[in-house]
Every structure is written in C-alpha cells, then in structure tokens.
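Chemist: Residues per chain are reported as follows:
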Amino acid sequence: MVGRGRRLSMLVLAPALAGLFLVGLFLAGGCGNSSEAPDSPNDAAAVEAADKFQGPDHTWPAEVVRLAESFPVQEGGRVKPLSTLAQFAMLRIHGKRTMRFVNGRRYTPTEWLLDCLFYPDQARRHEVFLIEDWEVLDALGLPRGDKRRRDRYSFEFLSAAAKRLSEKGSESQELKDRKVPLTAVQEHILVLYHNYREFDLLARYLDFARVRYRTHHPALRKMFGGQESVPFSQMLASAPELMAGIRSLMNGKDLEESPEALELSKYLYDLHQLGGGAAILAYMPPEPGEVFQEHSFQGTGRTWLSPAMLTDRILEQRRRTPQKIALLEPWERLVRLRDEPEAFTAEFRSFHDSIRTLTDARGEWQKIPMEVSFYRADYFYWGQILFVLSFLLCALQWLRPNSRLLYRATWVATLVPLGLLVTGIVIRCILRDRPPVSTLYETFLFITTVAVVVAVIIEWINRRRVAQLVAAVMGAVGLFLAMGFEGLEKQDTMPTLLAVLDTNFWLSIHVTAVTIGYAASMAAAGIGSVYLLSKLFGVRRGDREWYRHVSRMTYGTICFGLVFSTVGTILGGIWANDSWGRFWGWDPKENGAFMIVLAQIAILHGRMGGYLREFGICLVTPLLGVVVLFSWFHVNLLGVGLHAYGFSSQLKRGVYTGYGVMIALFVLGYLAWILEQQRRAAAKWEADAQKVAAQERVSTEEPEPSPEG
Amino acid sequence: MNGEETVSQEAESREVAAPEVGARIGKAIFDGLSSFALTIILLLFLLALTFKGTLDQQHMSLYEVQSLYFNSLFFKATMFGVLPVYLPGVNLLLTILAVNLICGGLIRIRKKRATSGIIIVHLGILWMLSAGLVEFHFAQRGHLTLNEHQEGDDFVSYFEWEIVVGELLDGDRVREHLIPGEQFIDLPPDQKATFRSKGLPFHLVVRRFHPNSVPEQVPGGNGGVDGFFLRPMGSFLEAENNRAGAYLDVVDNKTNRRQLAILWGGSPESLPMTFRADGKDWTLCLRHTSHPMPFRIRLNKFTKLDHPGTRTPSVFSSQVTKFEDGAERDITISMNEPLRRKGFTLFQTNWGPQDVPNPRQLYSVFEVVRNPADQWPLWSCLVIALGLVWHFGGKLRRYILAQGRTA
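Those sequence lines, one after another, are chains A and B. Residue numbering for the first sequence follows the numbering used here, starting at -18 and increasing by one per position. Residue numbering for the second sequence follows the numbering used here, starting at 20 and increasing by one per position.
Think of the hints as simulated: they come from the structure by calculation, not from any bench. Because the structure is a prediction, the values reported are computed rather than measured. Incorrect hints may have been included.
[As the list claims (entries may be wrong)] Pairwise CB distance ranges (calculated):
#1 A/Val673 - B/Thr134: 40 to 48 Å
#2 B/Arg43 - A/Gln676: 37 to 45 Å
#3 B/Thr134 - A/Ile655: 57 to 65 Å
#4 A/Phe486 - B/Arg360: 44 to 52 Å
#5 B/His168 - A/Phe486: 29 to 37 Å
#6 A/Leu514 - B/Val104: 33 to 41 Å
#7 B/Phe247 - A/Arg299: 53 to 61 Å
#8 B/Arg129 - A/Arg389: 38 to 46 Å
#9 A/Ile655 - B/Arg43: 37 to 45 Å
Every residue gets a Cβ at the ideal spot worked out from N, C-alpha and C, and that includes glycine.
The task is simple: from the sequences and hints, build the whole structure.
Modeler: If you want it as structure tokens, here you go:
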C-alpha cells in the first residue's frame, strides 16, 4: 500500500513539476537561457561593451592549467582529457586553437575553457565567435560596425540577436534535416547557432555551483539543521526528503491547492534547471558494478555522469548517490576561491587527484597523459613545417646539383618529419586501440605517410633526387590537407566507431590495404607530374636516361599500388560478405575502389600492349589521381550507400579543386607531349634537310667524271 | 588444253586456300579476342559504367541501378536527349573480359617463368568471375525477422514476388500452390498470363503487374475492382520497400465464371483474398517469395548497446538457438559474426522497433543468404595476391639489382 501511494503521489507530482518546468522556461525567455539579453538588434551598449574588452584581468596559474589539461571527462563515447574537449570546442567556435586579445595576451583552449567555467562574465566578452560573412550579421539584424567581412564577435554582442538566431538556426536545421540545400548564409547561421548554444552551455555549466539556497521555510530549516542557506549539492542530496515533504504537504490534493507544497516544489524546479544546465562535462566515473540506464536500452556500466545526469537520476529515478554528490562539492569551493590563486590551485589539485584516482581504478587514466602530450607535441604541424624545409632543400639542389651536403641535409629533412608522422600515427593507434585508418581524417595521415615512404624507398634505390622531391611535396601537401580537413570538420578526430566498423581485424587488413593503394596511386600521380612538368619546362632536356628512370619509377609505383588496391578491394568484398551477406553490392565506395583497380589495370595493359610508353604512362597518372580523388572523397559527398561515413559538404570545394589540379596537370602534360612531338618533327625535318643539303652539296661538288674515270 | 589446265589449277588452289582463309579468320578472331586493345576497351567501358552507376545512385534505387547497368547484357541510353543507343551492360562486358582473359591471359601468353605470376593472377580473376556468375544465377537472398522468443525456418526474399493459392484442407492445414514471380512480373501491358493447375478447379489470368503500387478507392466509388484500383508508383530508393500489386481474374473451369481481383503485396499475410470454388474455400495472395531453411532458429534475446553517453551503436547481437535434426545449439549472431550452416549464412542486419521509446519487445532481422560460391572470393583473393606478389616482387627484385649494378 505504501508503495502504491507513493507511486500515485509521484503521478501527481511529476506533471506538476513538468508544468512548473514549462512555466519556468516561459519566464526564462523561451529557450532556457537565463543569461540572454532582450532581442534588440541595435543594442549599441552591447556593441560598445564588446568593443571595449581588452582581455582577461586574471592569469591562470600554470599548475591549474596543467591539471585542467589532463582532467578526465567522457565525451562522444570515450574518456579524454579536458584539453582535447576544449581545443575542439574552441576550433568549432573560434576557428583556431589559440586566442589572442587586444592587449596582446594569448589563450590556450584550456585557459579559455577555464574562463568559461569560472569567469563566464568575462568569457562572454571574449571575441570568440567566428562569423564567416557579415551577411550573417545582416540576417540577424546586427550592426557590421568596423569589422571585416570575416571576423570574430563576442557572446555578449550576439546575445542582442539571440532570439532571431534561435529562430533562424532552428529553421536552417529543419531544412537540413529535410535534405533541402542551404544557402551559404543559412549554413553559416546554422553553425553559429550550434556554436552559440555550445558556448552558452559551457558558460552556464557552473551556475549550480554559484547558487546558495536560503532555507526560509521551516521545513527546510529543520531539514538542514538550522542552516540559513545551503549549496546546490546539499539541496540535491536532500531532494528525496524534499519530495517526501511536498507529498505530505499536498496530502492528496493538487499542487496548486497547497501553497506550501508549491513553494517547496520551486526548489525542485530550480534544482532541475540548474543541474540540467550542467550537461556538457561528464566527469564522474561510475563505480564498479554501477550501471546507468541510458535511453531505452540497458547501460554498459561505462557511462560517466555529468551534474545534469546526476540531477536527473536523483529527481526522476529517485536514486541516492552520496559518492557522486561529493563530486559536486569541489566545484562549489572552486567557484568561491577563483580569485585566490594559491587556495584555488590546492583545491583544484585535490579535485583532480580524486577524479584521477577514480579513473585510474577503472583503468581509464593511463591514456590521458599520453593524449595530452600528443596534442601538445603537435607532431603533424611540425612535420608539415619540416616537409616544407625539405622541399626548399630540394629546390636548392637544383641550383647545386652536385652538393653532397645538400643531398644529405635533404635526406634528414625528409626522414625527420616522416618519423614525426609515423610517431603521431602510432600514438593515435595506441590511444584508440585501432589500426591506423578508421576515419576519413586518418586516411590523410596514412596516405601521406605511405606516399612518403614509397618515395623515400624509390629514392634510396635509384638516388635520382626525383622521389626525394615527391616525398617533400606529398608530405607537405598531405599534412596541409589533413590539418585543413580537421579545421573543416572541427570534431574530435578520434571518434567512436559504428558497430559494423568495430572490427580491428578487417580495419587492419582491408582499410589499410586499400589506403596503401590510394597512397601509391597518388604517389604515382606525383612522380608522373614531375616528369610532365619537367618536360614542359625543359628540365634536363637532353638527359633521356633521367626521363626514362622517372617513367620507370611511375610505372613501379602503379604496380605497387595495384597489388594493394586489388587485394584491398577484394578483402573489402570479403568483409562485406561477412557483415552484410554479399560480396559485392555496387555501393559507391566499393565502386570507387573498383574504379581505381580498373584504371591501374588499364594503364598497365596499355603499357604492355605498347599503347602507353615512357611519356604516355606519366601522362595518364593525373587521370589516375582523379579516379583516386573520386573514390577517396567524392563518393562520400553523394550521401548514399553504406560507406557514406565521412560526409562533409565543405569537402566539396576541396575535391573539385583537386580535380582541377589533376586535370590541369594532364592538360599541361598533353601540351608538353605536343611540344615534344613538334620538337622531334622539327629536329627530324632539320636533320633531313641537312642530309639533303649535304647530299646536294656532295653532288654539286663532285667533279665531272673524267674520261679516264 | 590450256584452258582446262587453268581451271583445274584454280580448283586446286581453291581447295588449298579454303582452310588457309578459315585459319586466317579463326586466327584473326582469336587475336582480336586475346588482344590488349580489347582488354583496354573493356576495362575503360567498365570504368565508365561503374562511374555512371555510382552517380545515378543519387536519384535511382540501388536495385534499379544494378538491374540497369550491372546485371544486364545491354541497356538503352539516349544520346543528346533523343538518339536511343544500346550499350553493353556489365554482365556482357565481364563475359567478354573472361573470354579475353582466357584467350590472351592464359592461352596466348608466353608460358615462362617471368609470366607465371600473371598467369596465376588471371586464374584467380577467372575464379572470382565464376564466383560472381554462380552467385548471380544461383544465390538466394532474403530476410528472417523474429521477435524475441519467436522461431522461424524460412526466409523471405527482398525483391522476388509470388502468387500463392491457398487450399484450405481439413483442420488448420493449408496446401499452397505457387506461381513464381518470373512468370508474370515482366508482363507487357497489352498481354495476359494464364495459369492452370490440375489440382485446381479454376485458373488464374494475371492481367497487369505493378512493381510498386498502392490500392486506392475509385473517386465516387464506382468502377475498378469493388471500387478500388491500384495506383502505380515509382520505385523507392530502397527497392525492398516496394509493394507490388496485380490485377487478375479467377475463372471457374466448369462455368467459366470470372471473378475480378486485386492482389496487393502490402499486407499479404494479414489480408489474403478469400473465395469459394468447387465447394471449397480458397485464399489468394501476392507476397515476397519465401524460401525454406534446413534448420530452425529461435531468437532468445536481442542486445543493442551504445557507446557510453552517446546514441552511436557499438554492438548489435542476437542470441539464438538453432534446432536441427533433433539437436539444439545456442549461438550468438552479431555484426561481422554471422552464422554459417549447410550453405546458408545468417547475418545480423537490422532490429526494431526503433521509433518506439522503451519497447517491451524487440525484434531482430537476419539477412539470409544461400550462395554456393560463398567462400570462393576469399580463395580467389589469396590466389590473386600470390600471383601479384610473385610477379611484381620479381620485377622489383630485378629493378633493384639493375640499379645496384648501375651504381
């Protein structure tokens, strides 16, 4: 009977709370954002205030920044350091991984995130929001001021048009969901809308830690032992008693009919509001055996809790978790200590240690420091710089072709970034427990690495200094593209995988093999292009042996690519047969891989049949590059098929640029071929003419045969 | 005399020349079929067709694209929007490629150590092409959908249709008379197909078949079949969602009395048409073709797990019990871990209901494939890999040695 009565009262209480929640939403301005300013597009005061912001007036202690970087959180299905979350949030919102203020100070992503958490009032004035085109401002009714077309703005400035942004953002999202093409402005507004919401969630995350509830009501005063005010954590811990008290005050009546119960229920509403707002950082690891029910399915015992989930668990599921409540309290202390650096550092150290201990107990800590140092080392950025240096050294070798010192320096400048690249990939593999390629981003890194390795091996074999140049160019361009892609996607590059891809065996052999095939084809296109451009610009014009070697390198690289493309593509079919029950389904990605194999076989048969010779085989390599680009990226843009996992509308421009470059190389190569034919014809004509002239000369100079013979 | 001699000489020379011309023509054909030029033309055609078939998937269903380009001998294209042209489909191209490969890559090729790798590769490719051929002609494919604790021993095709005449016997038993889909799905609009069976007191006349349609009421309620007609629809991008429909007549063999009927594949099991003939009750329905399996499966539990804190699925798996010859065995079928038994393979392919919050009971969908050439691609892949590594490895070795000598 007791249980039934409790259930009945909850049936009454729950709709009442929901109603209150809706009323609260309405009062808060319709989108749950209590910090929003009224929608006044030309709020000059806001603009002026934003303009005046010079930079933060505080400095984060180095130890706090270091500890915060390695503070573990769970996001996107994996446990990662806070610095990773911060840098991708900053990349999305700010478009860069560093922030510079008017007063010249620089902020790392972690420092910026700490500001969002502990100094939200100042963080809202940072000019952090990148707006790609000021037409977005026009659409939102905001003034352009003296800003550039592509510039950055503060939350405070944008909040003047928060309502309009919300409306237009929702509208764009709806269109996108219905697969209606968006205009550029709509796309920018949609991005801004999501960024605005994300920032708002960060800036309001610790609102719960700033509040203290006054215990006016005698029942509350009694519940908290006479304390005049209590923090959020204490109120949340007592929520079950509070709910019981409300039920007894209601005494079977509606909530509205009992003023006392209504007053107390406002505390519950407030807990729901403040706690629910703290959703973005899940930092409380589950204890052994603790399983959290997620959505409609069973949990796995691996889900970390955020204050929002904890609040929901206590208010909705009525589960007491004192250990978790204790993990809310450090935030409350930290918020109070934010202007006392030493005390703050000590408190943060203690908080970090407690979370670290819990994480370590679950075996989820050991990769956190590795990930922090991985991003700190920035292997791919330095790799790119060194590949550019290697390219410059290659260029110097053209001026001093016989310099051994330069040749050796170029080797060093190629092998060091290659080492960085390999190190970065290996660390990523360890962090993810995955083979090197499982996302589109990783294909850039892996293809670049393989292409450079292939070029380095060729250079090591024949030492013609051509493959060295190709290695430098492919390395620099590949890493530039990888970083560009990361900047376009603005998402964690170590995501969790879909169930069907969650197999290291097939990822290791099929994806790796196919990707090596891509890499070799691109390397062949690179070496072939060196041949074509050298022909066009008359480099080593008389050195037929050199050209013959470059052409053989191109041929060898295509052969190498064919082995991996063919085996990789068939292995993909075998994987599909194991996963979906069919070997070949003419899916766009499968077709792309098949097209690469067909193109490679056609080229090799063309060579065997004598249709493509030294020049011809190099001439068709840019077309092979087009086929690889189609398979690598374009099929993902089609938005159909089982492999459409790397879709990105922003990729489109890049892909078409790639096509343009390859086709331009083909056209230039063709032009070089025509010029060479003309040169040969002219040379032949000249030789013939000289021969005829010589014969004529001989015939005219020949003495008349004498009668003596 | 001279004239006679000349004639006889001509006759002789004709007798001698005849086999030479034949041999020359035969050689020319063989040379053509085994030529590199033909290989390259076929490969470029395949490349172009694959490209076209890939792009067309944006606005056509995969099934349609496959039928049009990849599973066809010829297909009709329109040049400049007006000029109809018949182009070879992938099936024809692959057939010619197989002939080209046999003639050029196995018979004509010089048999020596340097070409042994290429010959191995060609044998592997032939094996793989034959795997495709066997699958294309003999494989059966469909799905088995089971609720938790439900059992099943047959699977339902995704695309094939059949008309089923159910003869109600004593008790709950039903004898089924089947008309396979291939006998009526390609019926031209101006033709009818009549189906008779010795055991049936009536015959059926299929008058029209629509691959995808929806039954609707005739405006005003008059006309059609009992006031209904089938509205033809374009194919879904996922062609397995198509719902076929057919108009047919049930004609009594004795009285020649004709009864018009509409069969619709939208709900074949729940809504069969019923009628009476020769004093017995009969049912009639249009349904996806059903194929039996040599064992029975019971779904005990379906599990779906997400990555923590997300809605990205990390695991789908079905715990099943297989019943076969009186023995039972518990098995887990999950993504990338299918069940293979007696030429049948069951894959975890889908689950549901996905749009219901807190579903009380889940169902699991298994893709069922019967493919005699199931593992051939794996073996052919190993052969091809071996041949490629042998051939190109040898070439690389020779190249490195040559470079060493040059240096």
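Chemist: Against each hint, give a clear statement of whether it holds in the structure.
Modeler: Each hint tested on the structure:
1. A/Val673 - B/Thr134: 40 to 48 Å: Hint holds: Cβ distance 46 Å, inside 40 to 48 Å.
2. B/Arg43 - A/Gln676: 37 to 45 Å: For glutamine 676 of chain A against arginine 43 of chain B, whose Cβ atoms are near 43 Å apart, the range 37 to 45 Å holds.
3. B/Thr134 - A/Ile655: 57 to 65 Å: 35 Å, violated
4. A/Phe486 - B/Arg360: 44 to 52 Å: 22 Å, violated
5. B/His168 - A/Phe486: 29 to 37 Å: Roughly 33 Å apart at Cβ, these two residues keep to the hinted range, so it holds.
6. A/Leu514 - B/Val104: 33 to 41 Å: Holds, since leucine 514 of chain A and valine 104 of chain B (Cβ atoms, about 39 Å apart) stay within the stated range.
7. B/Phe247 - A/Arg299: 53 to 61 Å: 54 Å, holds
8. B/Arg129 - A/Arg389: 38 to 46 Å: 45 Å, holds
9. A/Ile655 - B/Arg43: 37 to 45 Å: Taking Cβ atoms as reference, isoleucine 655 of chain A and arginine 43 of chain B lie about 39 Å apart, which means the hint holds.
Consistency with the previously given hints fails for numbers 3, 4, ordered from lowest to highest.
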